[in-house]
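Protein sequences appear in the order of chains A and W. Note that the numbering used here numbers the first sequence so that position 53 is 93, with each residue one more than the last. Note that the numbering used here numbers the second sequence so that position 67 is 68, with each residue one more than the last.
Where hints are given, some of them may not hold.
[Unchecked claim] Covered by chain W, per the in silico footprint, the following chain A stretches (three or more residues, Cβ under 8 Å):
id	segment
1	129-140
2	161-167
3	172-184
[To be verified] Okay, derived cross-link-like pairs now, DSS-like style, lysine-lysine, Cα gap no bigger than 27 Å in a straight line:
id	chain 1	residue 1	chain 2	residue 2
4	A	K83	W	K101
5	W	K84	W	K103
6	W	K103	A	K76
7	A	K129	A	K119
[What the hints assert, rightly or not] Among the chain W residues that face chain A by a calculated CB cut under 7 Å, a handful are:
id	residue
8	E102
9	Q104
10	N107
Simulated from the structure, these hints should not be mistaken for lab results. Values in this document were obtained by computation on a predicted structure and should not be read as measured data. Every residue, glycine too, gets a C-beta built ideally from N, C-alpha and C.
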Amino acid sequence: MGSMILLILLVVLVGWLIGAYNGLVSLKNQTLNAFKQIDVQLKRRHDLIPNLVNAVKGAMDFERSTLEAVIQARNQAVKVNAAGPDAIKQISQAENTLSSALQRLMVVVEQYPQLKATGNISQLQEELTSTENRIAFARQLYNDTATQYNTKQQQFPTNLVAGIAKAQPADLWEIEDQAERAVPQVDLSTKPKA
Amino acid sequence: MTDETSLNLFQQQEANRRRTFWLVVGFVVFFAWLGFGGDYLYYLYTLQAPRQAYHHTFPWFGIALSLVALALAWYAYQTGPEKVLWSTGAEEVTDPEDPKEKQLVNVVEEMAIAAGVPRPRIWIVDDPDPNAFATGTDPLHSHIAVTRGLLDLCSRDELQGVIAHELGHVKNLDVRLMTTLAALVGAVALMHDGATRVIRPGGGGGSGDERKPSPLLLVLAVVWLISWLLAPIVAQLLALGVSRKREYLADAMSAQFTRNPLALASALQKIEGADAPTTHIKRGAAHLCIADPLGRRLTDHEGVFADALATHPPMAKRIAILRGMGYAQLKKEGGALS
């Protein structure tokens, strides 16, 4: 009878171990996947910027510096190598610079109605808004997943398995300032207010 | 995402898988019972027959009906999303031309990223009343449809809130249960109509003459009677399945994906303001929509009666809850700033 109880306890323990281990591995892969998704969206933004710059260049000779800042920040961001221990910090720094440069450009574009009137620009504006949103949402998903993963690793009793599962705390994607956070809130809708 | 919401999501997914399973089992069992019951009746009827006459000893009806029900259930599960979309006359957006469609595609892609699910296929229903619904079997095979009226009425942020709400239904597998339910109800309705059509021409007389009715008619009469009995049971199942809680949960998931509950609140208010019923969306797909397309008064009430019979919770309460979330968030951010 005693050995029976022991056996049951052992089975329960092993079952829990497997469950906790697999849970951690699955969360780890979800976190990695969410990070890849940010990468995909950042690439999309890098590819979009040359089009945007070309579209506004002619009409914006007098706003040269704003445009230059965007181009420079974009080239800087493309160059950042996404490897190494503090890859996230480096990427996020470069991308944040690019974000604020783009934001300034969009504010400037808003001030030139004749520029906005051409269909091409409003299309690009929609694309840009969407790209910024995609990046923001990809980051949000990554941060949510990484937080879940980190919490799981630290919580008792899962933390006992964390070592076996080779779980490392994942870096969160920091958002620099409040103004940056507001990027996806920009309302560029061209609809009449109903 | 807190642990509580992820737990909620997991529970909801499990519950939806389980309920879909039992829905299908119940459907097949019901038809099996119909068939074997008919066999038994026919067996009793032929028991007294002369030795050379036919004796019904093998349950052909039961086996046949069970197989038919299985095939129907499988067919309904496989083609449910198509049938639902077809019934609303939705058209897929494959190559977005005008800016509105382009924006819709962009918004759906953004929200799919936020929800961490593959991009669903996108459909537009050509109806001026604002509404939206999701269908599919799982996040890999899902569809989101919005009406033209919604595109015209909502701002980008509001559209985001609505799409996120629908993706909430997709992610927690509400769509699987809802779509299977719609398809099975459709199948039952079809059989019901068929049975009625068969019975009507034969059952004209019915006065108490001595002649015994033919066994086939008797069985059909039973099927017909039970089909009629079935209708309220199906309605009850429908009402139970679409417990109004899932709309609140999808609203909460929308707020989690967009971090902007106030946008969904204002979208809901606009949808509520446009009071006309969504004529393209019929009764069968009503429970899939973000707002009751039939414009039923019952939706506005709380209580046991409304809980059992209405498919949607009162709009005012949903808006109030979302506003509460929004203001709490603003307060938190304001506190962080100062």
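Under 7 Å, Cβ to Cβ, is where W:E102 needs to be relative to chain A, so tell me if that hint holds or is violated.
-> Because about 11 Å separates W:E102 from the closest Cβ in chain A, which is outside the 7 Å limit, the hint is violated.
Does the structure keep A:K83 and W:K101 at a Cα separation of 27 Å or less?
-> Given pair A:K83, W:K101 holds - Cα atoms ~25 Å apart, limit 27 Å.
Assess, step by step, whether the Cα of W:K103 is no farther than 27 Å from the Cα of A:K76, and give holds or violated.
-> Since the Cα atoms of W:K103 and A:K76 sit roughly 25 Å apart, the hinted pair holds (cutoff 27 Å).
Holds or violated: W:K84 to W:K103, with C-alpha atoms at most 27 Å apart = Cα-Cα ~26 Å, so holds.
Take a quick look at whether A:K129 and A:K119 sit within 27 Å of each other, Cα to Cα.
-> holds (14 Å)
Within 8 Å of chain W's CB atoms, at least three CB atoms from the segment 129-140 of chain A: coverage verdict = With 0 residues closer than 8 Å to chain W, the segment 129-140 of chain A misses the three-residue bar; violated.
Chain W covers the segment 161-167 of chain A, three or more CB atoms within 8 Å, holds or violated | holds (count 4)
Per-residue hint verdict: W:N107, partner chain A, C-beta under 7 Å = Hint holds; W:N107 Cβ to chain A Cβ min 4 Å, cut 7 Å.
Minimum Cβ distance from W:Q104 to chain A below 7 Å?
-> Because about 6 Å separates W:Q104 from the closest Cβ in chain A, which is inside the 7 Å limit, the hint holds.
Does the segment 172-184 of chain A contain three or more residues whose Cβ lies closer than 8 Å to a Cβ of chain W?
-> With 7 residues close enough to chain W, the hint holds.
Against the hints set out earlier in the document, violations occur for numbers 1 and 8.
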